[in-house]
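Following the hints, position chains B and C against chain A.
Residue numbers (numbering that gives the first Met the number 0), protein chains in the order written: chain A, 0 to 351; chain B, 0 to 405; chain C, 0 to 291.
What the hints contain is simulated information worked out from the structure, not anything from laboratory work.
Keep in mind it's a predicted model, so treat the numbers as computed, not measured.
C-beta atoms are modelled at their ideal positions from N, C-alpha and C, and glycine is treated no differently.
Not close to chain A: a few residues of chain C, all C-beta gaps over 10 Å, as computed:
1. 54
2. 60
3. 156
4. 161
5. 166
6. 167
7. 170
To be clear about the criterion: a stretch of chain B counts as covered by chain A if any three or more of its residues have a C-beta under 8 Å from a C-beta of chain A, and this derived list gives those stretches:
8. 78-92
9. 180-187
The calculated lysine to any residue pairs, modelled on SDA-like cross-linking and capped at a C-alpha distance of 20 Å, are:
10. 228(B) - 250(C)
11. 226(B) - 11(C)
12. 117(C) - 268(B)
13. 226(B) - 1(C)
14. 117(C) - 250(B)
15. 128(B) - 189(A)
16. 104(B) - 61(A)
17. 104(B) - 59(A)
18. 297(B) - 394(B)
19. 127(B) - 186(A)
20. 127(B) - 187(A)
21. 226(B) - 7(C)
22. 128(B) - 140(B)
23. 272(B) - 118(C)
24. 228(B) - 254(C)
25. 176(B) - 199(B)
26. 104(B) - 63(A)
27. 117(C) - 391(B)
28. 318(B) - 51(C)
29. 226(B) - 8(C)
30. 126(C) - 252(B)
31. 127(B) - 63(A)
32. 226(B) - 4(C)
33. 226(B) - 134(C)
34. 117(C) - 278(B)
35. 117(C) - 317(B)
36. 104(B) - 60(A)
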Amino acid sequence: MTAPPEEIAAKEALPFAAAPAAGAEAAVRVPRVGRIAYRELAIAAVIAVALVLPWVVTSFVMFQLTQVMIYGLAILGLNLLTGFNGQFSLGHSAFYGIGAYTAAILMHNYGVGYIWTLPAAGGVCFIVGFLFGLPALRLQNLYLALATFTLATVMPQILKFHGLEEWTGGVQGLVVDQPDPPAFLPVDSDQWLYYFTLAVVLVMFAAAANLIHSRSGRAVMAIRDHPIAAAAMGINNSLYKTLTFGVSALYTGVAGALGALAVAFVAPDSFTIFLSIALLVGLVVGGVGSIPGCLLGGLFVLYVPNIAESVSTGLAGAIYGVILLLVIFLMPSGMAGFARAVWARLSRMRQI
Amino acid sequence: MKRLTRRTILAAAPSAVVLAAPFVARAKDYGPGVTDSEIKIGNTGPYSGPASSYSAVPKSQVAYWKMINDQGGINGRKINFISYDDAYTPPKTVEMARKLAEEDKVLLIASPLGTPTNSAIWHYMNQKKVPQLFVATGATKWDDPKGHPWTIGWQPNYQSEGRIYATYILKEKPDGKIGVLYQNDDFGKDYLKGLKDGLGDKKAMVVIEASYETTDPTVDSQVVDMKSKGVDIFVNTAIPKFAAQAIRKAGEIQWKPLHILSSIGNSVGATLKPAGFENAKDIVSDFYLKDPSDRKWKDDDGFKSWIAFMDKYLPDADKSDAGYVAGSSLAATLAQVLKQCGDELTRENVMKQAGNLHDFTVPMLLPGIKVNTTPTDFAPVKQVQMGKFDGQRWGLFGPVLTGAVT
Amino acid sequence: MELLLQQVMAGLANGAIYACMALAVVMIFQAIDHLNFAQGEMAMFSTFIAWQLIEWGQPYWVAFAVTVLVSFVAGILIDRVLFRPIRNAPVLSQVVAFIALFSILNSSAGQIWNYTIKSFPTPFGHKPLFGISLMDTHEAGMIGVTLAMLGLLYLFFRGTRLGLAMRAAAANPESARLVGIRVSWMTALGWGMAAAIGAVAGMLIAPVVFLEPNMMLGVLLYGFAGAVLGGLTSPAGAVLGGFAVGVIENLAGTFIPYFGRELKLSIALILIVVVLMFRPSGMFGRRVVSRV
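So here's chain A without its partners, still in its complex pose (with noise of 0.2 Å):
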């Protein structure tokens, strides 16, 4: 264990022998509270920028943006089972596909309403996901991404299967009709989406936020790093890697849902395998096991490959790898590790 407080504030407060002891009290608290009133500042101003876009920036870029805060969600799927539970996942693009066919299906075919969706795409999800944990408990690293990679191959061969075309409209898609705006509210149908879609996202950060730093966060984490010494803590193993994966499923699916209502169409070839990549390359960019680092994922799925283009359309695929390796090698644990880490760097030179 560590000195007590009182110890260490008298060590540091040695070559400023006047500090009073209150003053050396203060010298151990001030940075900590300090710390914590930064982030949440920052998410406050984060929320008040994202709240005024809309009537700052096009519309397309309004769509752009709705885009990448629905990618963001879809990576904090993924987040919540790799990151924070260490279970390996390449079939998040099922899930993504799952919620917005079920969206899609429900509007187009029962004319359901547009808000009902979403619940119910992340409980088909939910289900899904849980099924698929069930099984998923007895593997392990690449044996587990097999299996997930083969939820994510499947997908578009059930969803094309001329068998269900009736419902899933096969390879042919369906179209969704974007949702129109409550009438007493001044904003057009892109602002509408753009505004459900923030207020969705920022619900379930907030939630995921919460579910981390709860005892049920930590006991998830805490299979990722010593499954054994979890299980002999008392923990479920079982029951929380499924619920884990349950959970994973119901975000992402809910991010397909808002997805499909956003691009209003769904066909199978949008939630092929290379989806599931793309999700994991925002999640590893973003940065593994934080929760902020899921929305630069997102800005990174969708605005790279557009950077890549305007390079060389030719070479647009390599420039893109090009572009993923340096952010790898510069920032081995992410965007939000990295923005951390110069986070840490300057506190500490402040202090000195």
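The following block gives chains B and C in isolation, referenced to the frame of chain A:
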């Protein structure tokens, strides 16, 4: 001299208008993206991702417009052709289409490639009244001037081709067993539907419907399966890679059915050469474009002009890739539409002229096949001609046909 | 019965492709403990190099040998330049680096050599084996070469000091270092060998599937499935797994009514997952025991 009464002035009015008409008519009417010196046109295509093998289509369009600009543009205006990569993913196509329409403010979007990708932007384009011209896919649904007046296709649609194969089969081998090889997505299923619709009551002739995915390494087992089930009519609607594999495997296992190849996979250089010319003898297919790797066209004027275009603007390209033929032909058709617009370059007039093409031809269309559209007929190219491979080149035979799909 | 035999043979022929790839996958896994997503693209790129040499007039065997050598060196370079700096980064970061490599190789190949399919020669010819149309000489040759490579690898790892050193470095890097083994060079050597095996696999596979930039994507996925099915710690298991995947997929496609044709890939993968339920480390894999 008549008195200048109200009546005389009113009587003189029409002639005054007529005298002034040339000056009035030449007044320019511009839609978005148009200035006195420039027309902005948008495009999307798969430059990256799993469908990147079709990147020749947008690339050849970019090169074509460069050529047009070097020749002085259209009616004195240069074309600013903005082409974006959508990696064949519908959400990306939607994003790029919105970027073109809302940020780049183009006059129209030309020849986006792919069925799911075009389906994704279909409603948006018609809602925002942005022309979606000459889409680079053969799905049947683009010919819908009533429901979607801002969208128009170009190539003969896949269902009509399927019907043509059915007609040919019913004529040549009405009591055979048919096996179909098709890609498990929109265009493959469209071919299959057209074939079965064309067979009508004799639909049961189709005993095997063998699909494949683009991630499958080979289609050898599908071919082996067909031979073992006694199939003697093979409808091969696969893309060049798998069509070639099927042709080669059929040769290897000494299976010689009546082999019908679709227009997607009938290139001499891209399909038949790798498959082996001996294996490809007597294969039948349908054509609307000239095959650049077929030496019979070498003295044809249209062909020579295309070769000159490729040599100057895409010198490193592989000329046997049919995508370059398709792309340049799409662009040439659009060039005609723009010419017909004159100075009235609004989106409405663009659609009007797109529905107003009469017996127009581009260098690489087969002789006898013309582009024709009317306000109720949004299928520019409807005709094909059958051909048979003699071991060296395709020999066209029979009349120019149309698949007549409503 | 004849149909069953035919489809089994066709499945074995396809499976030879997957087995070849699976061997390369397991090889790299043993060296670096990760799955290399870019393995297929490296093999494809190597095959294009061979093709280019043949186009420039070199005889097949010269092109073959040069390509294998170049691939070996390139594999070592990729390890030293790209992966050594991020060796201590989290696992997922390394996986993403593989994805980046995939993207770079795929896009460059498409730009340099375009997308038209090309035929690639085979020293075995394409005639039916012993006159029966179930398998042709090239497919038989492919199986033969795969088994031969497997045999050579076995001899190398079990019978030579270098092989032993590589196994030690992969199994327990710290202890290996204490014994004087230069672990990072062992890893580089593993990369080089995997790249070389991949090149051979590519040159065997291309004559069947035709050479084009996207030719290896499907093959890698099937090869991965085969390797996992057989067990990632067992090269022989991987080869068997590859064959098994080919046969299962063919039989599923032919004999399962209604779903079989369209969903045969899904069925094959689901079956593999089911097998994993009962043998979580693959059919022949060893369970890795780690100290608590």
